[in-house]
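On the provided structure of chain R, position chains E and V as indicated by the hints.
Below, each chain spelled out in residue letters.
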Amino acid sequence: MHHIYCPYCEETREEEEYSYTGEAHIERPKDPASITDEAWGDYLFFRSNPRGIHHEMWFHAAGCRRYFNATRDTHSYQIHETYKMGELPTITAKTIAADTLAAQQGDAS
Amino acid sequence: MSQVNRLATGGRIDRAKPMSFTFNGKTYQGFDGDTLASAMLANGVGIVGRSFKYSRARGILGHGAEEPNALMQLHKGNATVPNPRATQVELFDGLTATSTNGWPNAEFDIMQWVGIIGGKLMPPGFYYKTFMAPQKMWMTYEKFIRKAAGFGKLSLEPDPDTYDKLNVHCDVMVVGAGPAGLAAALEAGRSGKRVIIVDEQNEFGGTLLGSKQTVDGVDAAAWAEQATSELAGMANVTAMPRTTAFGYYDHNFLCALERRTDHIGPVALAGTRQRVHRIRAHQVVLATGAIERPLVFGNNDLPGIMLANSVSTYINRYAVVPGQRCVVMTTNDSGYQTALDIQSAGRTVVAVVDSRHAPDGRLVEAAKVAGIQVMAGHGVIEAQGGKKVTGAIVAPLDEAGDKVTGAGKTLSCDLIAVAGGWSPVVHLSCHTGSRPVWQEDVAGFVPGPTIQNQHLAGAVAGEYGLSQALNAGIQAGATAAGTECAQVFNCGDESEGAAQALYLVPHTKPISRAPKQFVDFQNDVTAAGIELAAREGFQSIEHVKRYTAMGFGTDQGKTGNVNGMAIVAKALNKSIAETGTTIFRPAYTPVTFGAIGGRDIGVLLDPARHTAMHPWHVANGAEFENVGQWKRPWYFPQAGETMQQTLNRECLAVRNSVGMLDASTLGKIDIQGKDAREFLNRVYTNAWTKLAPGKCRYGLMLKEDGMIFDDGVTACLSDHHFLMTTTSGGAAAVLAWLELWHQTEWPELDVYFTSVTDQWATCSFAGPNSRKVLEKLCTDVDLSAEAMKFMDYREGTVAGIKSRIFRISFTGELSFEVNVPADQGHYMWQKLMEAGEEFGITPYGTESMHVLRAEKGFIIAGQDTDGSMTPYDCLMGWAVGKTKTFSFLGERSFTRPDTARADRKQLVGLKPKDPTVVIPEGSQIVMDPNQPIPMDMMGHVTSSYWSECLGHGIAMGTVKGGLARMGETVYCPLADGRVLAAEICSPVFYDPKGDHHHD
Amino acid sequence: MTSVSTNFSAGDMMESPLHHHVAHTNHSDAGIVMKEDKFRGHLNLRGNPEDTAFTSAVESVLGVALPITANTSVRSGDTVAYWLCPNEWLLIVASGTQGQVEADLRLAVANKGADQHIAITDISSGQTLVNLSGSGVAELLQKSTVYDCHVSNFPVGKVVQTTFAKTGTTMCKLEDGSMDLVIRRSFSDYFFLWLQDASEEYGLQIA
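For the record, the sequence lines run as chains R, E and V. Heads up, the final residue of the first sequence is numbered 109 in my numbering, and it's a clean run with no missing numbers. Heads up, the final residue of the second sequence is numbered 999 in my numbering, and it's a clean run with no missing numbers. Heads up, the final residue of the third sequence is numbered 207 in my numbering, and it's a clean run with no missing numbers.
What the hints contain is simulated information worked out from the structure, not anything from laboratory work. Among the clues, some could well be false.
Keeping only pairs whose Cα atoms sit at most 16 Å apart, straight-line, the calculated EDC-like set for lysine to aspartate or glutamate is [claimed, not checked]:
#1 V/166 <-> R/16
#2 E/695 <-> E/795
#3 E/802 <-> V/122
#4 E/802 <-> E/775
#5 V/158 <-> R/10
#6 E/884 <-> E/678
#7 V/166 <-> E/606
#8 R/30 <-> E/745
#9 V/166 <-> V/197
#10 V/166 <-> E/600
#11 R/30 <-> R/42
#12 E/789 <-> E/995
#13 V/158 <-> R/11
#14 V/166 <-> R/15
#15 R/84 <-> E/739
#16 R/30 <-> E/704
#17 R/84 <-> E/745
#18 E/960 <-> E/903
#19 R/30 <-> E/891
#20 E/913 <-> E/968
#21 E/884 <-> R/31
#22 R/30 <-> E/748
Chain R with its partners taken away, still in its complex shape (with noise of 0.2 Å):
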C-alpha cells in the first residue's frame, strides 16, 4: 500500500484515496491532423516501461481530484518526489545515476 503526498492537499495520503492514470509527460500533439500514423500510434499505445525511475501520473480521487506526477521507482517502489501538474521532475534516472557515481567515486576518493 504506497503512501503517496498530495502536492495540492501537502499531505501524504493512503493509496485508497488515489488512483494511477499512467505516464507523465506524454504531451498530445500540437497539430494531429499533420503527422503520420506512425506517430500518432506511438502517442496512443507507446510507453515507457522502465525498471527503476518512472514518472506517472496520479489522480487524488477521494481527495482535492487533482492530477499530479509522481517519480517513482517501478522496482522498490519509492516514492523519489510528487510534483504538480506543469512542473518537471527534479529527480530522474539520470540524476540518480550521477548521484550514485558521485558517491561511488567519494568511496574511492
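Just chains E and V now, with coordinates in the frame of chain R:
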C-alpha cells in the same frame, strides 16, 4: 488419564483452573495458561497428525508459529476452523480438536502404507511425472490426489462469527514483544510517541517467559511482567497480545490480526471474533526473534523428536516435560540449556550428542558439572521407532560434520531434543521485496537492505544473547522515536562457545539410500528429494522450491528452509550466499477469510446508491437492477404478471399514452466558464459553438483511439454554463476524463466542472400524453410543440417547484425530463404520478427503457459498444463534426488504417427470421452454420428484446462489414443446438422517420 | 395505476438524504450519536485564490476570508467554508439561503471587477451534513476511514476529503471534538447501514 508429563510445580499455568478438552474424540485435562500443544504433551499425546505426502505419523515439533505438524481441525459445525497450529491455540474448557488428516484416523492410517510402499516411488515432481498423460485424464487424477492430500476442511455453513478491521496509525510500530521488542516499545513509549506493539502470544515476554536468566538482577519473566505493565500504563502505547503482524507492505504499512475471542470459545459471544489492524507506521521495529532449526537425520520426523528450545519452553513455561529419557543432539551451546532443564525437571538426560569435537562453553561445563554425559564429535544419524521414538543411533562424525567416521550405537530414549542453530524470522522483512542476506557468523539469513523505515532488534538480526537483544531493542526504540538512550542491560554471563553449522547429519548410507531425512516436515520434502532436484538440473533456488514444494503452504519454510538451501548449495557446489534464499510472502501465519473480508460483506460489500425516489419504487413493488452501484427499478410487476407481461404493458403505455422512468442516476456535470464551449468542442465529436441557450444536443465522447467512451445530452443553460449528462455507470469516469484534459493539456481554458449527479432528481416521462401531464403541473412555460421544440430546455415551475425541463427523448416518443433538487424529487415524482393518473401513467424500469430505445436503434454505450467501436462502426457518423477547427479527441484515429477498415465489426439491426424468437444477447454470429468448428465468428448480438408494439423480436449486434451486408442472413448457433437465423437490417425498427418525438 | 405513497404528507416537499432514519436510540448511553444537519445550503465555489478581487469579494459576502491553506476551514455564524483544493471551496450556509448567497457572491465578484472566471454550483440537495459525536467516535472512524483522525493529526477546524468505508466524505473536526461529515445523497443509505453496523458495539443514538 492423568497428565503424566505435568510437573507438580512451576510454569505459567494456573493449576487451580483445570480445563478439559477432547482430541480425536478422547477427553483430556489441561490448565488455564496451556496451549493445546502443551496440554496434549502433558497428557502424553504423541501422534498429532499424518504427513502430507507419505502419511507418516507426526508429533509436535515446536512450541509456536514454527510448528509444521500439529495442524488441528478445531471446533465443530459452522464454527469449525481448519489448520491452526496446536502450539498457538490457547486452551479453554470444552475445546474440541481433531487431526486434519489421517484416514481412518491419525493413529491408524491407511495411507501410510501407500507412503511406505510408494515412498521410493514418490520423488519430487511425482505428480507432474506420473499424471502427465493422457492430459484429459488429469481431471480424474486430480480428484483422487486432492482427496488424499491436504489438511483441514472448511465448514460449508455460514460463519457464525463477525470480523472487522481498524485503520490505525502510529509513530513506531514494534513487532514482537520478546526482550528486544519490549525494550524498543518501552523506549519509544517513554518518548511520548504513538507506539503500537503486537505479539502473537497470549502474553508479552517471548523467550523471557521460559528463561532462567535475569535482567538487571530480576528474573526474566518478572522483568517481562514489569515491562508489560509499564507499557499498559502509557496512554500513547497500544499493546496488543494475541495479535500477529502477518504482512508488511510498502511504505511501512502492516496488517496485524488480533484474535479477540479465540481463547474463550469456539464462537464470539459478543463483538467480533477477529480484527485486522491496518497499520500505517512512520517507523517499524522488527523484533520477530528467531526459530530454532531442526537437524536433518534419518527418520528425524518421528513423534518424540522436538526442537530443544521448545522442550525447554514446555518445561519452564508450561511445566510439561515431553519425555522420560532424553537424548539432546546439538551443534551449539543452547542444547545444553535444554539438557539442564530436563535434568532439573527430574527426567533423565541420556546424553548430549554434540557434533562439535571440542565444545567448551559455559553451559557445556555446567552440564558436565551436573553429571550429564556429553558425546562430543558425535551425531544422531538416525532415529528408531515406529509411531514414536524408541532410540537414537549415535555415531562419531568427522570435524566438518560431513562423514560418519565409526560405528554407531543405539541409545534408548523416548525424546530427542534437537538444537541445530537459529534462523532469524526474516519473513516480514521479505514482504516488501527485500531479499535476506546470508550472514556467515550468524549461520543464518538476516533481513537484507530495505527502503522501509525499518529497524531490527534482537534475534531477527542474529543478536541472540538476552542482553544483546535488550540493548539492541532499546537502541532501536530510541532510533525509531528519534531519541537517545544510554541505558544498558546486564544479564550476567552469557558467553557461548562457537557453534557449528550442520545442515545435514551424515549417515553411513548415501543420502538417496539412507532412511528419510526430512527437511520440510509440512510438505514432506527430504534431503534426498532436494538432492535429486539438483541432479535433475534445477539450479535456481526458486525452481527447487517449486519442484520440491519446500517452504510452501501454511508453513512458509519456517523450520526447514535454511537446511534445505544449504543442501541445495552443497549439491550444486556453491555457498549458501551464492544460491541464496527464496523469499517469504504474506501471510506469516494463515489469516481467516472472515478477517480478510471484515464487514465488507452482505449489504456492505458494495455500496448501493439510491435515488430520491427509491422509497417509492420499493413501496410500488419494483424489481431492481444494478447499474454501476445504483439500484435502478428494472420493472414494476403487478400481481400475477410475468416479467415479459410487465414489459409489454410498460412499453405499450409509453407508445400509447405515457410512462415514467426515474432517470436520476444519469451522471450530471455542471460546466461553467467562458471557454466551456471550446472545451465541449474538444471532448465531443460534434460542434458546440452555435448551440444557443435553451437548447440541448446529443454528444459522443471518444477516447483518443477513436472509440466510443460515453454519450449523453448536454444542455446550454446560458452562454457560459452547460449541463452535461453521462451514462449512469460512466459519470465518475467522464468527470475524471474532463478534469484530466483540463488539468494536464488545456489549463488555459477557463472552465470548471462540478458533479451534480446527486443534486438533481430526474423524472423522465414519455408518450403521446406526456405533454398533457406536464401541462397540468406547469403553467409558467409554454409547452406547445411550436414553443418548446424537441431538444429544448426551459426553466419553469412544476408542482410549485423550480425545475429544469428538458424536451429530450430516449424512447422515440414525445418526452420530457423534469429535474428538481433531489430533496424534492420524491415529491415531484408523486405529483407527476397523480397528474398522470387520468392517462394511466405507468412507471417503467430500465428493461422497458432498453426495449423502447432498441426499437429506435439508440445505442447504450457500454452495452452495444465495448471500447472497440467508432461512431462510424455504430452508424453514427451523423454525430461527428466534419469541419471542426480543433482536432477533437479521437478524430485523428479515424484515419488509422485499422480504424478505417471496411470489414470492421459494425453495429446493425438483426431481425429474427422467426418472428416469435428472441435471440439471446451475447450469441455469436456466423454466416454459415454448417461450417466445421471452430467457426468463423462474424460478431455477436449486443441487444435483443421482444417488441410488443412491433410483434416480433428485435436485436442489434456487431457484424464484420455489417453495413455492406444489409439484407443478408446470419446465424446464431446456440449452446443448446438451436440455430437462429436473422436478417441484417437497419437498427431503427420503430418510427424510422422520427415523427413521434418531434410531435 | 394506483401508486403507494410513503410517509409523505402533502405540503412537505422536502426530504433530506437521511430523512427516513428517525430519532431513536438502541442504547442507554450510546457511544455514537448521529445528527443530520438537514437542508443546509451547500455551494461549491471555484475561483482563483491569487485574485484578491475574487477573495475580497467572497469575504465581503461571507464575512470571513476564504481558507487558502490546504485542509483548513473558516467558520462564521451559520456559515462555514471548507478548503477542497487550491481553487475550490465548499460553502455551507444557513438552510434556504444558498440562492441568495450565490446571487450575492456573483454580484460581489462582478462589482469588484474580479477575474470573471468563477463557478458557483448549488449542491444542497446532493449531499448532507452529518455530525458524529460520542465516546466511540474515534474508533468508529478507525473502522471507517483510512485517514488518521487522531487529535495529533486532525486538529479542530481541519478539513479532510477522504474515504469513508467504500464511499467518500469531507470531514471537519469541531470544537467539541465531534466530527462533521459531508455525505453524498445517493450513498447516504449505504453510509447509514455502515454506521449502524460499525456502531453496534458502542450503541447508536440518532438525535
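Right, here's what the structure says about each hint:
With a CA separation close to 10 Å, the supplied pair residue 166 of chain V and residue 16 of chain R stays within the 16 Å bound. With a CA separation close to 12 Å, the supplied pair residue 695 of chain E and residue 795 of chain E stays within the 16 Å bound. Using a Cα cut-off of 16 Å, the hinted pair residue 802 of chain E and residue 122 of chain V holds, with the two alpha carbons roughly 13 Å apart. Distance hint between residue 802 of chain E and residue 775 of chain E is fulfilled; the C-alpha atoms sit about 15 Å from each other, no more than 16 Å.
Our distance criterion of 16 Å between C-alpha atoms is met by residue 158 of chain V and residue 10 of chain R, whose separation comes to about 13 Å. For the given pair, residue 884 of chain E sits about 11 Å from residue 678 of chain E by alpha-carbon distance, which is consistent with the 16 Å threshold. Between the alpha carbons of residue 166 of chain V and residue 606 of chain E the distance comes to roughly 7 Å, so the proposed pair stays at or under 16 Å and holds. At roughly 10 Å between alpha-carbon atoms, residue 30 of chain R and residue 745 of chain E fall within 16 Å of each other, so this suggested pair holds.
Taking the CA atoms of residue 166 of chain V and residue 197 of chain V, the gap is near 14 Å; set against the 16 Å cutoff, the hint holds. Restraint check: the Cα-Cα separation between residue 166 of chain V and residue 600 of chain E comes to about 9 Å, which is no more than 16 Å; the hinted pair holds. Simply put, residue 30 of chain R and residue 42 of chain R have alpha-carbon atoms about 14 Å apart, close enough for the 16 Å limit, and the pair holds. A C-alpha spacing of about 13 Å is found between residue 789 of chain E and residue 995 of chain E, which places the hinted pair at or below 16 Å, so the restraint holds.
Proximity of residue 158 of chain V to residue 11 of chain R is assessed by CA-CA distance (about 12 Å); at most 16 Å being required, the pair is judged to hold. In summary, the hint linking residue 166 of chain V to residue 15 of chain R is supported, as the alpha carbons are separated by about 14 Å, within the 16 Å threshold. Taking the CA atoms of residue 84 of chain R and residue 739 of chain E, the gap is near 14 Å; set against the 16 Å cutoff, the hint holds. Straight-line distance between C-alpha atoms of residue 30 of chain R and residue 704 of chain E comes to about 14 Å, which keeps the hinted pair within the 16 Å bound.
Note on residue 84 of chain R and residue 745 of chain E: the hinted pairing holds, with a Cα-Cα distance of about 13 Å set against a maximum of 16 Å. Taking the CA atoms of residue 960 of chain E and residue 903 of chain E, the gap is near 5 Å; set against the 16 Å cutoff, the hint holds. Only pairs whose Cα atoms come within 16 Å are accepted, and residue 30 of chain R paired with residue 891 of chain E is accepted, the gap being roughly 13 Å. Under the criterion of a C-alpha separation no larger than 16 Å, the hint pairing residue 913 of chain E with residue 968 of chain E is consistent with the structure, at around 11 Å.
With a CA separation close to 13 Å, the supplied pair residue 884 of chain E and residue 31 of chain R stays within the 16 Å bound. Between residue 30 of chain R and residue 748 of chain E, the direct Cα distance comes to roughly 15 Å. Compliance with the 16 Å bound is thereby established for this hinted pair.
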